[in-house]
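Colleague: Sequence order for the protein chains is E and L.
Following the working numbering, the numbering of the first sequence begins with 1 at its first residue and continues without gaps.
Following the working numbering, the numbering of the second sequence begins with 1001 at its first residue and continues without gaps.
If you are wondering where the hints come from, they were derived from the structure by calculation, not from laboratory data.
One or more of the hints may lead you astray.
[Stated by the list, open to error] Below are the DSSO-like pairs computed for lysine-lysine, each with C-alpha atoms no more than 27 angstroms apart in a straight line:
1) E/Lys-83 to L/Lys-1058
2) E/Lys-66 to L/Lys-1067
3) L/Lys-1381 to E/Lys-56
4) E/Lys-71 to L/Lys-1370
5) L/Lys-1157 to E/Lys-115
6) E/Lys-73 to L/Lys-1037
7) L/Lys-1152 to E/Lys-73
8) L/Lys-1058 to E/Lys-66
9) E/Lys-52 to L/Lys-1157
10) L/Lys-1152 to E/Lys-52
11) L/Lys-1380 to E/Lys-98
12) E/Lys-79 to L/Lys-1058
13) L/Lys-1370 to E/Lys-28
14) L/Lys-1370 to E/Lys-79
15) E/Lys-71 to L/Lys-1058
16) L/Lys-1067 to E/Lys-52
17) E/Lys-56 to L/Lys-1387
18) L/Lys-1387 to E/Lys-2
19) L/Lys-1157 to E/Lys-79
20) L/Lys-1387 to E/Lys-115
21) L/Lys-1056 to E/Lys-115
One letter stands for each residue in the lines below.
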Amino acid sequence: MKEYTCIVCPNGCHLTYDEKTDIVTGNKCPRGVEYARSEYHHPVRSVCSTVKTTVKGYPVISVRTKGDIDKNKIFDLMKEINKIVITDYLTIGTVVMKNALNSGVDVITTTDMVKGD
Amino acid sequence: MLNYDCVIVGGGPAGLAAAKTASENKASVLLIERSGKLGGILNQCIHDGFGLTRFKEKLSGPEYAYKEEERLKGTDVVVTLFTFVTSIEKTERGFTITYVSQTGVTHVTCTSLILATGCRERTSRQVAIHGTNPAGVMTAGQAQYYINILGKMPVKKCVILGSGDIGLIMARRITLEGGKVEGVYELKPTPSGLTRNIAQCLTDYDIPLYLSHTITRVYGADRLEAVEIHQVDDHFNVIPDTKRIVKCDSLILSVGLIPENELSKSLDIPMNNRTKGPSVDQEFMCLVDNVFTCGNAMHVNDLADYVSESGEIAGRNAALSKKAKRDLLEVNSDNNFAYIVPNYIDFNKKIDDVIFYFRSRDEFKNKRLKIYQNGEVIFKKVYANLKPPEMEKIIISLKQKGELTFKLEDM
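Pulled out of the complex, with its shape left as it was, chain L reads as follows:
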C-alpha cells in the first residue's frame, strides 16, 4: 500500500493551493480529483474578476485554474484524475483512503488528510415550491455547465430565484447568448450577491431585481410553462393578494451553497452549525486530529482568492503537523455575526498572525468590531459598511491564552 505524508481530496483552487504548500514544506502529496481536469468549478466560471488579490490581474475562472495548475509544475505532487474517494478510515498511524480510478480500486495511507471538496448548490428539493415536476428547473451552476462547457442553451425565457452570485452571473450570460431573463426574485429584503454583480450583471442589462419576492408554484407537465410569484412580508410569509403568474420555460435557482462534507461524516468530524463546514482551529485542522479542510468545504467563500489562501494555510500546516495535545478554546461572538472562521484557537500552536474570516448577520453601517480576551479589548476596527455577502478578513497576533469574543458595537 502506498503511503503519503498528505492526501488531498479535491483538485479545485483550495486543493491546488494546498498541494503546492504541502509539497513546498517537504510533504509527499497525493492530490485526488474526481473529474478529468484540475481547477474544479472554476473551469465553468468563464466570467472574469478572479485573481485581483492573488495575481494582481483580472482573470476568468479557467485562467485562474490554469495559473494554479502551472504552479504545481516542478513539484513532486502526484495527481490522480477521474478518481473518486469511496471511504476514509482512521487508523493508528493516520488514515487509509480507498478510491476508485481508471485503474480500479486502490488503497493508500497517509499521515494527514486535507478535505478540499468544495461546496454544492442548494436544489429545488431544498426550497419548498409547490406544483408539478417539469423539465426546465435547474440550478445556476447547471445552467452554467450547459452553456459554458457543453455549448447548449437550456433556456429561452427564464426566471431566476435567488440573488446569489452565480445566479447574477448567469442572468448576464443567458442575456448575452440571446435568452430572456424576466427577472431575479429574492426572498430576503437585501441581495445575496456582491453589489458589483448586481450592477454589472443586472443593471447593465435592464434585468429587474425583485426583493422580498418568492416563487410559490411551478406549472407545466413535461416542460416548465409558468411560475407563480408572490411578495413576502418581513417574516417571509406570502402576501396573498400579490400573486403574479410569469410565463417562462426555465426556472434557475441560485439559492445558496452548502459546504460538501460527505467524507467528513464518515470520520465523525464535528461540524459547525453556522458555517455548515467542519469546525476548525487557526491551522484549519478539524476537531479530529490531522484532518484539515479549506476553501468552500470549510465555509462558502465569495472570492476564489480567499479559497486559495485557505488552501495554502491548510497545506502548509498539514505538512508541518506534529502530534501534540491540543488546547482548544472556542471563538465566541455576539449575534451580529453569521459566522467566524476559525471557530477555535489551539493555544498549543502558533498564535501570531492568525487569519480570521467573518460575515455579519445583517447589513450594518458604522459598526466597531471589538475582540475581547480575558476581559480586555485586544483588537478594534471600524467598518462603515458590513454586508452578509461580503466576507471580511482580519489578521491578529495573539499574545496569551484566553477565550476570544467578537462583538460588533455601535459607534
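So here's chain E without its partners, still in its complex pose:
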C-alpha cells in the first residue's frame, strides 16, 4: 500500500494505492486513479521556470513544459532551461525548447512579450 496526496487539482485528495490489486481509493474523481498509478510506476511533473532574455524590459520571461516530464529529470531539465537566452520579442506559447531531454515534451513561453513595455 502506498499513500499519495493527489496534486492534480486543489482538492488534494489523500490517495491510497494497492500495488498488488492496482486499486486506488480516496479519490474524488477519475484523475486521482490515474495520478496514483502514474505516481507508483512512473512519476511525472510539469516544470515552470524562467529563461533569460536580452530584450529591454524583460530580464527573464516565464516558461513551462507543455505536459509532464519524468520527475527524476527535473534538475537536468532546469540545467537546459537555464542555458536558453531569448533575443527577440516572443508571443505567448512559443516553443523555446523542442522535445526537451527526448521526453517528447516542449518547453513554451507563458508570457506575451509586448514591444514598448
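Fit chain L to the supplied structure of chain E, relying on the hints for placement.
Modeller: What follows is chain L alone, placed relative to chain E:
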C-alpha cells in the same frame, strides 16, 4: 470631468473579470491599474495550477492573466496603466476619483465603484522577531518578484517562516534555481497552505516542514547570518530548551495575506473583523451604497478562479445597480467558522442563487453544515474534511426574509 458608470480600481484577476461583466451589462467602464501591465500578482506567479475550474486547463499565472486580458478585447472598457488613485470622494451623484498617471493629475466621476485592490503580504514588522535588522529578510512575494520578474537570485541558503502557499511555491522555485531551503517553519500545528502544495513543493524536494515551530531571533549586521528557532506549545508559547540556531543568508516570510483596503478607509466603509475586508452583501456591495469589492480585497482567496468569479459578480451588479433602500440582515455563524462571505443579505435584492464562500476555523472531520433561517433548517451538507486553508463554496436559493445562521454540527 469625464464620467463613467463604473470605475474599477485594480487590474488583477478580480478587476479584469469585473470590467468584463460590467461592460457586458452596458456600463461604461474605466479600469485603473497601478503598474504597467494588467494581471496583477498573477504575472509573477509563474507556477501552474491556475484556471482548472474557469478555463478547464492547467495554466501558469501569466497565462491566466493573458486569457483574462484577451477577454476584454472588443469591449469598450477604458484601461489606464501606470495610474495611482490618490483619493476617492463620495458626492451626491456618485463618486469623484482623483488619480495620478503619466498625463498628470486627473479627476473622473462615476456612479458605482469597484475596489479590486487585492491583498498585501504580512511583513517582518507584523511578526515579532527579535534581533538585528539585516538584509536578507523578505516576504515570499518579494523573493518571487526578484526571481521570476527580475531574474535575480536573492537567496543561497534560506529558511522559510510560515507555510502559506506562496512560501511553499517559493521553496520549490528556490530549490529549482539552485538555492538551498533548510526548512519551512510553521507556528501552528497544521499547515497554512494547500495540501497539494505541501506534496509537490516540499515532499518532492525533501524540504522538511516543522510544525509548531517559530523563528525567535535573527542574527547578522549587514546581511542575515543565522536565525534562532524554537518549538512552541499548544498556546504558541516558546519551549525554552528547544532552541536551535540555523545558519542562512535569507529568511523568507510567508505569514499571511491581508486584504488591501487603504481606499476603503477614505470612504469610511465598514470593515469585517474576520475577513479583514469590507463587509458585503450578496452582490458584493459594501455597506456604503454603490461601492463594490471583489477578489482578495474582499477576503483572501486560495484560488484565482474564485477571485475571477467574485469579480464577475461585482462587475455585473455594479453595472445593474439601482438606487434602492437596503434591507440588510447579518449572516451569523457558530464559532467553527473563520468567516463567511457575504456577511449580509440584502432582502431588497435578488435572493436566489446566492454564492457563499466560507472557511472553517479548525481542521474538522465529518461535520454537517446546517443553515438555519426563521427556526428552520434550509440547507444541509456533509463535509468529510474541512481545513482552514481550503475555502468552501455553496450556492443557495433563499425563499423568504430572515436572518441566516450557519452551524457546523457533529454527525
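Colleague: Decide if the proposed pair is consistent with the structure: L/Lys-1381 and E/Lys-56, CA atoms, cutoff 27 angstroms inclusive.
Modeller: Roughly 54 angstroms separates the two Cα atoms, so the pair is violated.
Colleague: Would you check the hint for L/Lys-1387 and E/Lys-2, treating anything up to 27 angstroms between C-alpha atoms as holding?
Modeller: Since the Cα atoms of L/Lys-1387 and E/Lys-2 sit roughly 23 angstroms apart, the hinted pair holds (cutoff 27 angstroms).
Colleague: Given the hint that E/Lys-79 pairs with L/Lys-1058, test it: the Cα-Cα distance must not exceed 27 angstroms.
Modeller: holds (24 angstroms)
Colleague: What's the verdict on E/Lys-52 and L/Lys-1157, does the C-alpha distance respect the 27 angstroms limit or exceed it?
Modeller: Distance of about 22 angstroms is within 27 angstroms: holds.
Colleague: Assess, step by step, whether the Cα of L/Lys-1056 is no farther than 27 angstroms from the Cα of E/Lys-115, and give holds or violated.
Modeller: violated (30 angstroms)
Colleague: For the pair supplied as a hint, L/Lys-1152 and E/Lys-52, confirm whether the alpha-carbon distance does not exceed 27 angstroms.
Modeller: Satisfied, since the Cα-Cα distance of roughly 10 angstroms is no more than 27 angstroms.
Colleague: Given the hinted pair L/Lys-1370 and E/Lys-28, is their alpha-carbon gap at most 27 angstroms?
Modeller: holds (23 angstroms)
Colleague: Starting from L/Lys-1157, check that the Cα of E/Lys-115 is at most 27 angstroms away, please.
Modeller: Cα-Cα ~36 angstroms, so violated.
Colleague: Taking only the CA atoms, is the gap from E/Lys-56 to L/Lys-1387 under or equal to 27 angstroms?
Modeller: The hint is violated at about 44 angstroms.
Colleague: Taken at face value, is the distance from the CA of E/Lys-73 to the CA of L/Lys-1152 at most 27 angstroms?
Modeller: Given that 27 angstroms is the threshold and the Cα spacing comes to 24 angstroms, the pair holds.
Colleague: For L/Lys-1370 and E/Lys-79, compute the direct alpha-carbon distance and say whether it is at most 27 angstroms.
Modeller: Outside the cut-off at roughly 53 angstroms; violated.
Colleague: Run the distance test for E/Lys-71 versus L/Lys-1370: straight-line Cα separation, threshold 27 angstroms.
Modeller: violated (43 angstroms)
Taken one by one, the earlier hints fail for this structure at numbers 3, 4, 5, 6, 11, 14, 17, 20 and 21, listed in ascending order.
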